[in-house]
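Assemble the whole structure, with the sequences as input and the hints as a guide.
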Amino acid sequence: MAEQEKRTEEKVYRQLRTNSLLQQIMFRYMLEGHAASENGRLAWITSGFPVEIPVAMGVGVNYPEQYGAVIGSQKVGPQICGFAEEMGYSQELCSYARSSIGAARYPEKSPLEGLPKPQALLACNNICGTVLRWYDAISEMTGAPVFLFDTPPTQGKQTPHHREYVRQSVMRLIDFLSTTFHTTFSEERLREVGNLSGKGIDLWTRCLKACRNRPSPLNCADRFLAMAPIVSLRGTELAVEFYQALLEEVEGRVAQGLGAIRDEKIRLLWDDIPPWFTIFRFFNGLAARGVVFPADTYTHAWSGSLSGADLVDSVVSVYSNVYLNKGLEAKVDKMCELIKEYSLDGFIMFSVRSCKRYSLGQLVSKELVMERTGVPGVVIEGDMVDSRLFNDAQIQTRIDALLEMFI
Amino acid sequence: MSYEQATIQSNSQGFRLGVAEKLTLGYIYPHAPVEIIMAHGFVPSLVRARPGVVGAFEASLQTFACSYTRNLFSQRANDQLPPLAALLFPGNTCDSLLNVGDIWRVRFPDDTVFRLTYPAANQGEAGVHFLAEEIRSLSNMLEKAFGLPFSLSEFEEAASLTRQFRESIQFLYASRAILPQVLPYSKLAALIHTFLMSPDQKSVTEVVRAASQAQRSLAKSKSLEPINRIRQQLLKGHLTRLTFAHDTDSPRIAVAGGMIDPGALVALLSAAGISENALVIDLLTFGFKTAFTRPCDMEGDPFESVARSILSSPLEPTQEGLEMRLSFVRDILTNLAIDGLVICEQSFCDPDEFEAPSLEAAASKSGVVVLRLPIDPELSDRERLGVRLQSFLETIKSRNQR
Chain E
1 MAEQEKRTEE KVYRQLRTNS LLQQIMFRYM LEGHAASENG RLAWITSGFP VEIPVAMGVG
61 VNYPEQYGAV IGSQKVGPQI CGFAEEMGYS QELCSYARSS IGAARYPEKS PLEGLPKPQA
121 LLACNNICGT VLRWYDAISE MTGAPVFLFD TPPTQGKQTP HHREYVRQSV MRLIDFLSTT
181 FHTTFSEERL REVGNLSGKG IDLWTRCLKA CRNRPSPLNC ADRFLAMAPI VSLRGTELAV
241 EFYQALLEEV EGRVAQGLGA IRDEKIRLLW DDIPPWFTIF RFFNGLAARG VVFPADTYTH
301 AWSGSLSGAD LVDSVVSVYS NVYLNKGLEA KVDKMCELIK EYSLDGFIMF SVRSCKRYSL
361 GQLVSKELVM ERTGVPGVVI EGDMVDSRLF NDAQIQTRID ALLEMFI
Chain C
1 MSYEQATIQS NSQGFRLGVA EKLTLGYIYP HAPVEIIMAH GFVPSLVRAR PGVVGAFEAS
61 LQTFACSYTR NLFSQRANDQ LPPLAALLFP GNTCDSLLNV GDIWRVRFPD DTVFRLTYPA
121 ANQGEAGVHF LAEEIRSLSN MLEKAFGLPF SLSEFEEAAS LTRQFRESIQ FLYASRAILP
181 QVLPYSKLAA LIHTFLMSPD QKSVTEVVRA ASQAQRSLAK SKSLEPINRI RQQLLKGHLT
241 RLTFAHDTDS PRIAVAGGMI DPGALVALLS AAGISENALV IDLLTFGFKT AFTRPCDMEG
301 DPFESVARSI LSSPLEPTQE GLEMRLSFVR DILTNLAIDG LVICEQSFCD PDEFEAPSLE
361 AAASKSGVVV LRLPIDPELS DRERLGVRLQ SFLETIKSRN QR
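So the sequences go chain by chain: E and C. Going by the working numbering, the first residue of the first sequence is number 1, and it counts up by one from there. Going by the working numbering, the first residue of the second sequence is number 1, and it counts up by one from there.
Keep in mind the hints are simulated off the structure, nothing from the lab. In this text, a Cβ means the ideal position worked out from N, Cα and C, and glycines have one as well. Some hints could be false.
As the list claims (entries may be wrong) - Here are the in silico distance ranges between beta carbons for each label pair:
{"no.": "1", "chain 1": "C", "residue 1": "297", "chain 2": "E", "residue 2": "340", "range": "49 to 57 Å"}
{"no.": "2", "chain 1": "E", "residue 1": "202", "chain 2": "C", "residue 2": "160", "range": "52 to 60 Å"}
{"no.": "3", "chain 1": "E", "residue 1": "303", "chain 2": "C", "residue 2": "108", "range": "31 to 39 Å"}
Claimed, not checked - Computed cross-link-like contacts, DMTMM-like style, restricted to lysine to aspartate or glutamate with a CA-CA straight-line distance of at most 25 Å:
{"no.": "4", "chain 1": "E", "residue 1": "334", "chain 2": "E", "residue 2": "345"}
{"no.": "5", "chain 1": "E", "residue 1": "157", "chain 2": "E", "residue 2": "310"}
{"no.": "6", "chain 1": "E", "residue 1": "157", "chain 2": "C", "residue 2": "133"}
{"no.": "7", "chain 1": "C", "residue 1": "365", "chain 2": "E", "residue 2": "85"}
{"no.": "8", "chain 1": "E", "residue 1": "157", "chain 2": "C", "residue 2": "304"}
{"no.": "9", "chain 1": "E", "residue 1": "157", "chain 2": "C", "residue 2": "110"}
{"no.": "10", "chain 1": "E", "residue 1": "326", "chain 2": "C", "residue 2": "110"}
{"no.": "11", "chain 1": "E", "residue 1": "117", "chain 2": "C", "residue 2": "323"}
{"no.": "12", "chain 1": "C", "residue 1": "236", "chain 2": "C", "residue 2": "323"}
{"no.": "13", "chain 1": "E", "residue 1": "326", "chain 2": "C", "residue 2": "111"}
{"no.": "14", "chain 1": "C", "residue 1": "365", "chain 2": "E", "residue 2": "140"}
{"no.": "15", "chain 1": "E", "residue 1": "157", "chain 2": "C", "residue 2": "125"}
{"no.": "16", "chain 1": "C", "residue 1": "22", "chain 2": "C", "residue 2": "79"}
Said to hold, decoys possible - One side of the interface only, derived from the structure: several residues of chain C facing chain E at Cβ under 7 Å:
{"no.": "17", "residue": "65"}
{"no.": "18", "residue": "92"}
{"no.": "19", "residue": "99"}
{"no.": "20", "residue": "102"}
{"no.": "21", "residue": "103"}
{"no.": "22", "residue": "117"}
{"no.": "23", "residue": "123"}
{"no.": "24", "residue": "350"}
{"no.": "25", "residue": "353"}
In structure tokens, the structure reads:
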């Protein structure tokens with residue numbers, strides 16, 4: 001026992017106690033997905049979709065992007081992506097999409113035996129344009145119809161005609177769900193779900209903001225794992241329950257002056273999706289060198305709550321204005337804001353070959369952020385699921401060059 | 001005329017117009033509101049990828065940006081673009097083009113860059129209204145930036161020109177679908193290219209003349225009736241069974257690929273020594289989509305009319321409705337007696353690469369053999385692509401002889 005405690009004490013990072021609660025919640029989420037599928041009430045859904053509406057209408061949801069993260073973290077990305085490539089999908093395409101298509105083709109060879117079969121596919125293009133084509137491919141395999149919630153990218157302030165168009169998308173979505181799942185829409189129920197969603201987001205945001213403290217109570221890998229309920233269980237009691245527990249632990253760490261890593265020396269910003277297949281090795285390797293990531297652009301993306309008298313208008317506003325739907329200038333602004341608010345020394349931009357919407361522009365934004373904030377940054381290239389596209393040695397060399405600037 | 005020759009000729013024309021007569025507004029996505037742009041006194045000119053451009057994108061774009069955007073960016077960085085008063089990027093079509101528009105603004109701050117955002121969902125009138133307002137906003141920006149107001153008479157003139165162009169080019173497409181020897185494919189490609197680079201009376205007259213000549217040569221045959229029927233059906237996006245006489249000894253191939261320029265196909269065929277008569281229709285490419293867009297209505301609000309016209313064009317892989325697209329492809333393959341489908345995929349082009357397996361499956365189910373060609377704007381692998389095309393045609397020939 002003493003030996004075990006010693007080993008834990010020696011680790012460069014501190015594990016969150018709430019990780020066990022997270023595992024229980026996500027297991028329950030998985031079982032609920034299977035039950036919904038068996039009852040003919042499951043939709044696959046993209047991470048930026050206004051999930052409050054299907055949840056309020058009694059439709060179960062599963063997130064293929066999150067499943068992609070599972071495939072990545074189980075280090076079977078190349079194999080599962082390979083199934084899609086055998087079907088004719090290019091290796092140049094998004095690895096979330098490839099792994100999802102591959103797992104739908106061979107669920108028996110995939111982690112957790114694949115996602116349960118969907119009865120509808122709900123795509124919102126506020127995170128990228130790929131989701132529509134990815135879901136089209138899944139639709140051909142499963143027969144589930146695709147619904148596109150179209151939120152054209154914005155430039156500056158959202159215009160009245162943009163609002164009106166997206167509002168029509170909400171109406172079309174309600175019709176689609178009513179017809180496909182023989183259900184009805186109730187504004188009262190949407191308000192209940194919206195309130196729960198708002199509570200979850202508020203608690204999550206407080207956890208994130210706690211990382212302004214020095215030492216930071218959470219590191220990148222902590223947040224990337226802990227974000228699972230805010231993505232997949234938004235609008236449920238389960239998510240609120242989890243984030244209450246997480247916030248309690250995080251605030252406890254702050255009060256005791258405990259950091260996510262033992263010896264915090266350098267505070268960096270992370271940009272983009274993480275390499276799921278090496279998430280612990282990568283971030284803990286840096287933790288051993290005193291590098292912590294108190295903020296990242298990815299987990300900060302879930303921040304808008306539904307509120308106000310006109311809930312549909314609130315859906316329009318929140319889901320049109322997500323981070324990835326706002327262009328290069330907004331990304332640069334966000335990075336500069338995080339660097340300032342979290343007192344960061346520099347930044348690492350992970351150029352994810354799969355994700356053009358997130359990654360194209362990083363070479364330019366790196367320069368702009370450095371110019372505006374005065375802190376150094378580096379761009380490393382790889383992928384989030386497909387480890388064949390990740391050159392560890394090359395990446396370490398680039399990171400070493402960045403870290404040398406802080407010595 | 002080769003692809004390179006067509007490009008040089010058209011560019012020199014664009015240069016002349018840009019400098020001496022009118023300002024040129026370059027656009028990248030083929031469904032630009034050309035009538036509105038012309039109504040402001042600009043020459044709308046499609047900016048295309050060009051072979052032989054030295055890469056100059058590395059400091060700004062990663063290698064996984066699509067090869068088309070890399071080529072355009074390099075042209076600009078190398079000062080190889082024709083003189084443009086402004087450049088119009090599309091929004092909500094693909095992620096590469098969206099982001100490259102933003103990057104362009106930062107890297108070339110003196111360039112005037114606009115964005116026109118398109119609806120991606122099939123939302124009927126809501127989509128028309130959205131696009132109409134986007135176009136109206138573009139019109140206001142053009143006036144503000146250049147002091148050139150919208151002119152209704154110039155709009156009407158432009159609408160008349162595009163109508164003439166489309167009617168004639170549609171006839172030529174439909175004619176070639178039955179009798180490809182009626183017009184060399186390279187000639188069709190050059191006519192489209194010239195119009196897209198510089199839509200004026202001269203370029204339209206050339207197209208009208210070519211259509212009249214084709215009509216005269218077909219007058220004695222019994223082909224005019226089925227040709228007109230095919231034209232109408234292609235416009236509606238739905239073909240029914242047709243019977244028409246065609247040369248069964250010669251293979252009939254169709255080409256698909258959202259971002260493929262007809263001129264690039266000419267270059268490939270020519271390099272491979274393949275008869276242009278084998279290429280019956282360049283389905284879903286720049287040329288086809290430009291041709292089979294319905295003319296805009298002269299009555300009512302010009303912005304709404306142009307939006308309605310643009311949204312009537314054949315569906316893009318960037319839009320909702322894969323099943324409709326596949327159904328259209330199956331119709332064409334079956335009813336136009338197509339032996340083989342060549343699917344061109346531009347490297348790192350999400351829409352092309354995602355759709356290719358679905359197109360391949362649809363063609364195979366229709367009994368049509370398929371060749372998938374990975375292609376980049378530089379045609380850097382031209383020899384190998386040519387050999388693959390030759391083998392493909394030989395396969396079809398031997399299959400037809402059985």
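Hints and how they fare:
| no. | hint | in the structure |
| --- | --- | --- |
| 1 | C:297 / E:340: 49 to 57 Å | holds, 53 Å |
| 2 | E:202 / C:160: 52 to 60 Å | holds, 59 Å |
| 3 | E:303 / C:108: 31 to 39 Å | holds, 33 Å |
| 4 | E:334 / E:345 | holds, 16 Å |
| 5 | E:157 / E:310 | holds, 19 Å |
| 6 | E:157 / C:133 | holds, 15 Å |
| 7 | C:365 / E:85 | holds, 20 Å |
| 8 | E:157 / C:304 | holds, 23 Å |
| 9 | E:157 / C:110 | holds, 23 Å |
| 10 | E:326 / C:110 | holds, 22 Å |
| 11 | E:117 / C:323 | holds, 20 Å |
| 12 | C:236 / C:323 | holds, 16 Å |
| 13 | E:326 / C:111 | holds, 21 Å |
| 14 | C:365 / E:140 | holds, 14 Å |
| 15 | E:157 / C:125 | holds, 23 Å |
| 16 | C:22 / C:79 | holds, 20 Å |
| 17 | 65 | holds, 5 Å |
| 18 | 92 | holds, 4 Å |
| 19 | 99 | holds, 4 Å |
| 20 | 102 | holds, 4 Å |
| 21 | 103 | holds, 5 Å |
| 22 | 117 | holds, 5 Å |
| 23 | 123 | holds, 6 Å |
| 24 | 350 | holds, 5 Å |
| 25 | 353 | holds, 4 Å |
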